[in-house]
Amino acid sequence: GESLANLDSVGSIWLDIILLARLATLGYIIVALIRQFRLGERQPAIIMGVGILPFIAGIFYEILGESGIVPYIPFGEIGFLGIAIAASIQMANSVIKTEEALEKHRQNLEGLVEERTAELGQTNQQLTQEIAQRQQVESSLRQSERRAHALLDAPPDSAMLANLDGTILEINEIAASRLGIDLQEAIGQNVFSFFDPSLAEVRRSKADQMITTGEPVSWEDMRAGRSYDNHIYPILDDDEHIVSIAIFARDITELKKVQEKEMAE
Numbered sequence: 289g290e291s292l293a294n295l296d297s298v299g300s301i302w303l304d305i306i307l308l309a310r311l312a313t314l315g316y317i318i319v320a321l322i323r324q325f326r327l328g329e330r331q332p333a334i335i336m337g338v339g340i341l342p343f344i345a346g347i348f349y350e351i352l353g354e355s356g357i358v359p360y361i362p363f364g365e366i367g368f369l370g371i372a373i374a375a376s377i378q379m380a381n382s383v384i385k386t387e388e389a390l391e392k393h394r395q396n397l398e399g400l401v402e403e404r405t406a407e408l409g410q411t412n413q414q415l416t417q418e419i420a421q422r423q424q425v426e427s428s429l430r431q432s433e434r435r436a437h438a439l440l441d442a443p444p445d446s447a448m449l450a451n452l453d454g455t456i457l458e459i460n461e462i463a464a465s466r467l468g469i470d471l472q473e474a475i476g477q478n479v480f481s482f483f484d485p486s487l488a489e490v491r492r493s494k495a496d497q498m499i500t501t502g503e504p505v506s507w508e509d510m511r512a513g514r515s516y517d518n519h520i521y522p523i524l525d526d527d528e529h530i531v532s533i534a535i536f537a538r539d540i541t542e543l544k545k546v547q548e549k550e551m552a553e
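Residue numbers (my numbering): 289 to 553.
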């Protein structure tokens, strides 16, 4: 009788221990739920570990009961409840994590799209401004070109712009007519190639003199029976280097005849 009383006493103690363990586990799971869903903490390893504790305790108690140490109660089956709760929490935790990751990824994508859209808008605006500026520059260049041609064609003189080697860059109608060539065909040709060798040598030497000294050169000569008053001027760049030459020639044949007539009288 005394041994049975002791056995019942031990079993009661074990029941109390298991009950306290289960209450502590339940309390911890409730706290874990609050921390997880209210405070946003994610600790799946602890949650799963606590869920398994009642199952292990129940199995251990059943082993003791089967051995006759404590009264046999199938706590092991009841312990599955802890695993089920922990598994549910873990599954919910995984879903929440996935949703949070997706939301964060979506926000990042939206941020990248907005940033890229802003960059594209700024680039597009810059391109629009550059196009407008280029169009304005091209318009100004065309106007300058028309004014330059007007100035070239205004005086009754031959006028042209050439490279240092004599390649024609610009020419007016009078100069092209005197060279016997179309205005557009003259561009790119060498001005000295239109003269006979002796005259070409004289005019080239005058151009070389101007390039060497940097000073304008003037002289008179004859071509095809007509007298010309010639002038060559240097064209400088921003560094004061001669980059091209301006050539002007006025037909002074009639003036020469008048002067000769006056001298004869």
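No wet-lab data here; the hints were simulated from the structure.
Because the structure is a prediction, the values reported are computed rather than measured.
A portion of the hints provided could be inaccurate.
[As the list claims (entries may be wrong)] Distance windows between CB atoms, simulated:
#1 S427 <-> V401: 35 to 43 Å
#2 L524 <-> V425: 17 to 25 Å
#3 N478 <-> T500: 38 to 46 Å
#4 R514 <-> P485: 45 to 53 Å
#5 T386 <-> Q423: 16 to 24 Å
#6 L457 <-> E402: 48 to 56 Å
#7 L400 <-> S427: 19 to 27 Å
#8 T411 <-> I523: 50 to 58 Å
#9 S465 <-> A420: 36 to 44 Å
#10 S532 <-> A512: 38 to 46 Å
#11 Q414 <-> I469: 28 to 36 Å
#12 L524 <-> V401: 39 to 47 Å
Note that CB positions come from ideal geometry on N, CA and C, so glycine has one too.
Each hint tested on the structure:
Taking the beta carbon of each, S427 and V401 are about 38 Å apart, inside 35 to 43 Å as hinted. Checked against the hint of 17 to 25 Å, the pair L524 and V425 passes, with Cβ atoms roughly 22 Å apart. Between N478 and T500 the C-beta distance comes to about 20 Å, which lies outside the given range of 38 to 46 Å. In this structure, R514 and P485 break the distance hint of 45 to 53 Å, their C-beta atoms being roughly 19 Å apart.
With their beta carbons about 54 Å apart, T386 and Q423 fall outside the hinted range of 16 to 24 Å. Restraint check, L457 to E402: a C-beta distance of roughly 52 Å satisfies the suggested window 48 to 56 Å. Here the CB-CB span from L400 to S427 is close to 40 Å, at odds with the stated 19 to 27 Å. One distance hint, 50 to 58 Å for the beta-carbon pair T411 and I523, is violated here, with the actual separation near 39 Å.
Remark: the range hint 36 to 44 Å for S465 to A420 is upheld by a beta-carbon distance near 40 Å. Under the hint 38 to 46 Å, the C-beta atoms of S532 and A512, about 26 Å apart, miss the expected range. The hinted range of 28 to 36 Å is not satisfied by Q414 and I469, whose Cβ atoms lie roughly 45 Å apart. A hinted range of 39 to 47 Å is violated for the C-beta pair L524 and V401, which are about 54 Å apart.
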